[in-house]
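The listed protein sequences derive, respectively, from chains B and G.
Mapping to our numbering: the first sequence position 32 is 35, numbers consecutive.
Mapping to our numbering: the second sequence position 115 is 220, numbers consecutive.
The hints are simulated quantities; they were obtained by calculation from the structure and are not laboratory data.
Quick reminder that beta carbons are idealized off the backbone N, C-alpha and C, glycines included.
Watch out, some of these pointers could steer you wrong.
Unchecked claim - In silico DSSO-like links for lysine-lysine, alpha-carbon gap of 27 Å or less: (1) B/K33 x G/K545; (2) B/K33 x G/K313; (3) G/K216 x G/K313; (4) B/K46 x B/K33; (5) G/K545 x B/K123.
Stated by the list, open to error - Sample of chain G residues lacking proximity to chain B, with all beta carbon distances greater than 10 Å (derived): (6) A130; (7) Y193; (8) A207; (9) I259; (10) F289; (11) V290; (12) F309; (13) G433; (14) S441; (15) R454; (16) Q472; (17) E482; (18) R501; (19) S510; (20) K534; (21) M557.
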Amino acid sequence: MYPLRRKPGEVAWSDIGPTTDLTPLAAPVKMLVEIEQRDGWRKMISTKPVYVTRTAEGRLRVLSAVCPHLGCSVAWNDSRRQFSCPCHVGVFAEDGALVSGPPPRGMDELDSTVEDGRLKVRYQYFRQLVTTREIIA
Amino acid sequence: MSRLVDWLDRRTGLQHLLREALGEAIPGGARLAYVFGSGLLLVFLSQVITGVFLALYYVPSADHAHVTVAYMVKEVASGSFLRSLHAYGSSAMIIVVLLHVAQTLIYGSYKGAREILWMAGCVLFALVLGMAFTGYLLPWDQKAYFATAVGTNILGEVPLIGEWLQRLVRGGADMGTLTVSRFFVAHVFLIPGAIFAFVGLHVFLFRKAGPAGPPSVEAGRQRTELFYPRQLLMDVGFAVTIIVCLGAIAWMWPAELGPEANPADTRFLPRPEWYYVPVFQWLKYWKGSSAVVGIVIIPAIVAVFFVGLPFFDRSPERAPSKRPVTVGAFVAVLLSLALLGVLSVVEDRRDPAIAEQLAAQREVDRQFTAEPFEPEESPASLKTAKAALADPATARGKAIYEAQSCDACHGDAGQGTPGASALIGLAAKYPADELQRVLKIPTQEMTDGGMMPVDISDDDLRVLVAYVNALR
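Go ahead and model the full structure; you've got the sequences and the hints to work with.
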């Protein structure tokens with residue numbers, strides 16, 4: 004039954020980079036964040052893709068690249084100015100909102116903060132196939 | 106010789122056992138239509154034998170699975186052939202199980218106190234699909250990783266226990282080394298054990314009920330023939346034909362192995378093995394909150410009708426022409442699955458970007474399979490450690506290489522991934538100052554491939570280039 008009853012640990016903040024690198028931001032930009040995680044008996048640094056976007060008010064937002072439908076990696080299509088999931092043709096707008104396709108909700112926003120001029124993110128996993136954003140790990 | 110047989114027989118009852126096994130009376134006589142069940146068993150035994158050879162080399166953990174499969178494919182004598190035989194054998198299992206189901210259903214052979222026999226067969230069908238699903242992940246290459254990520258996410262949709270089930274199967278929230286070991290245990294111990302048990306039950310119930318014979322009662326009454334010799338020869342001939350065909354296919358078109366799974370690659374297009382493509386296409390049509398209908402409810406209804414068929418179809422009539430609803434529904438389901446599969450292929454071909462990416466992935470797989478085997482360098486990289494000893498600047502360069510996440514796309518030793526090209530050998534192509542320049546201001550081609558400008562000090566850039574140049 005392991006690891007069903009194991010409580011997940013506190014999620015640490017991961018560094019994305021200096022905010023100056025993200026100005027100006029004409030389109031969502033893919034960044035790779037390194038997170039320290041336990042994988043069974045292994046303690047490892049895992050690299051996860053995220054997208055950094057900027058709201059109309061100028062605030063930086065970090066979106067998970069994991070499709071909320073069935074977990075494929077969402078890709079940014081610069082010519083169409085939209086995100087698309089290569090598995091079951093889910094389409095998302097520049098801000099991550101659902102445009103069309105099977106996903107039940109838009110792309111998941113990750114908790115982010117700016118500290119000492121550097122953008123940081125808390126990488127988490129969300130439940131797929133539900134309309135609301137539910138953290139599972 | 107006969108004395109030896111007598112000696113054995115007195116102690117084992119072998120002759121009686123053989124008479125029982127081979128002396129089964131078949132109403133209507135031997136037919137090619139009856140070869141699929143025993144053919145399936147022999148193909149399964151071939152899978153067990155090839156699987157044992159593969160298990161000699163395979164290590165079920167995320168950090169060793171891919172390299173051990175690459176080792177057996179590229180270095181072990183006949184390793185590629187054995188793996189191909191095993192991989193294509195899983196497709197053969199699916200085809201033969203479908204033929205066996207079709208023959209049983211069209212002949213109405215599930216009728217006449219054969220309900221439990223039919224249901225045991227349904228469990229075996231599910232177990233064969235389970236073998237295919239669990240085996241697909243084990244090479245831990247790109248397509249294995251992403252196809253299984255989707256497959257295990259589907260489990261999350263099961264009402265009430267979905268999330269629990271998904272975590273249990275994966276060994277956590279994310280796919281990782283516990284997923285590999287769990288799938289390995291299911292593929293090598295649990296499911297094969299269940300298959301042996303249900304094959305035993307299936308054969309026992311079959312012998313208890315006896316062969317149903319042809320669907321026409323008159324044809325069944327005409328004559329009776331023993332299983333030995335003609336039906337036995339047909340069964341063995343069919344199985345040998347399949348295994349010889351598989352051997353020829355495995356020899357001429359060895360199964361390819363893609364590069365190691367890279368979960369950070371957002372450009373990879375996951376596509377399942379052909380028998381799961383209809384399900385993959387089906388999932389596209391169930392949007393938002395209706396997904397539970399398409400993913401759980403409709404398949405559950407179809408499964409209930411399929412498993413419970415002998416209870417729903419109680420008429421003794423077995424001729425397919427007089428059972429239009431059952432036979433028609435089965436043909437309709439098969440045609441729908443085929444149509445979904447065709448639609449998926451057509452959609453992929455119609456979109457030039459998808460077609461181009463899928464072709465690029467096939468090429469990457471082909472190239473990786475053709476490349477010579479690279480032994481694992483443990484714990485990090487022996488090459489890098491040696492280079493660092495020779496020049497401390499490369500050690501600093503390696504740290505910057507990792508800090509800038511260059512390893513995420515170019516690989517931990519610059520060997521390249523599907524997301525970006527290899528850096529090994531770059532020194533021979535570009536002088537150091539040219540490399541520094543393109544790292545600061547990538548070319549258009551590099552930018553299109555996802556390369557970001559490297560924004561670090563000139564000194565850091567110098568040692569980073571020194572590290573890249575040291576990669577061999």
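Hints versus structure:
Between B/K33 and G/K545 the alpha-carbon distance is near 18 Å, which keeps this suggested pair within the 27 Å criterion. Distance check on the hinted pair: B/K33 and G/K313 sit about 63 Å apart at the alpha-carbon level, beyond 27 Å; violated. Pair hint G/K216 plus G/K313 holds up; C-alpha atoms about 14 Å apart against a cutoff of 27 Å. For the given pair, B/K46 sits about 25 Å from B/K33 by alpha-carbon distance, which is consistent with the 27 Å threshold.
At most 27 Å may separate the alpha-carbon atoms for a hinted pair to count; G/K545 and B/K123 meet this at roughly 23 Å. Look at G/A130: its CB is around 50 Å from the nearest CB on chain B, clear of 10 Å, so calling it non-interface holds up. Distance to chain B confirms G/Y193 as a non-interface residue, since its nearest Cβ pair spans about 25 Å, more than 10 Å. The beta carbon of G/A207 sits about 29 Å from the closest Cβ of chain B, which is more than 10 Å, so the claim that it is off the interface holds.
Look at G/I259: its CB is around 7 Å from the nearest CB on chain B, not clear of 10 Å, so calling it non-interface is violated. With a least beta-carbon separation of about 13 Å from chain B, G/F289 lies farther than 10 Å from that chain, consistent with its non-interface assignment. With 10 Å as the threshold on Cβ separation, the claim that G/V290 sits away from chain B holds: the shortest Cβ distance comes to roughly 13 Å. The Cβ of G/F309 sits about 33 Å from the closest Cβ of chain B, beyond the 10 Å cut-off, so the non-interface label holds.
Consistency note on G/G433: stated as away from chain B, and its beta-carbon is indeed over 10 Å from all of that chain's, at 30 Å minimum. Chain B leaves G/S441 outside its interface by the beta-carbon criterion, the shortest separation being 18 Å against a cut-off of 10 Å. No beta-carbon of chain B is positioned within 10 Å of the beta-carbon of G/R454; the least distance is around 14 Å. Consistency note on G/Q472: stated as away from chain B, and its beta-carbon is indeed over 10 Å from all of that chain's, at 21 Å minimum.
Consistency note on G/E482: stated as away from chain B, and its beta-carbon is indeed over 10 Å from all of that chain's, at 17 Å minimum. Chain B leaves G/R501 outside its interface by the beta-carbon criterion, the shortest separation being 18 Å against a cut-off of 10 Å. With a least beta-carbon separation of about 4 Å from chain B, G/S510 fails to lie farther than 10 Å from that chain, contradicting its non-interface assignment. At roughly 25 Å from the closest C-beta of chain B, the C-beta of G/K534 stays outside 10 Å, upholding its exclusion from the interface.
A cut-off of 10 Å between C-beta atoms contradicts the statement that G/M557 is not in contact with chain B; the least separation is 8 Å.
Checked against the numbered hints above, the structure breaks hints 2, 9, 19 and 21 and satisfies the rest.
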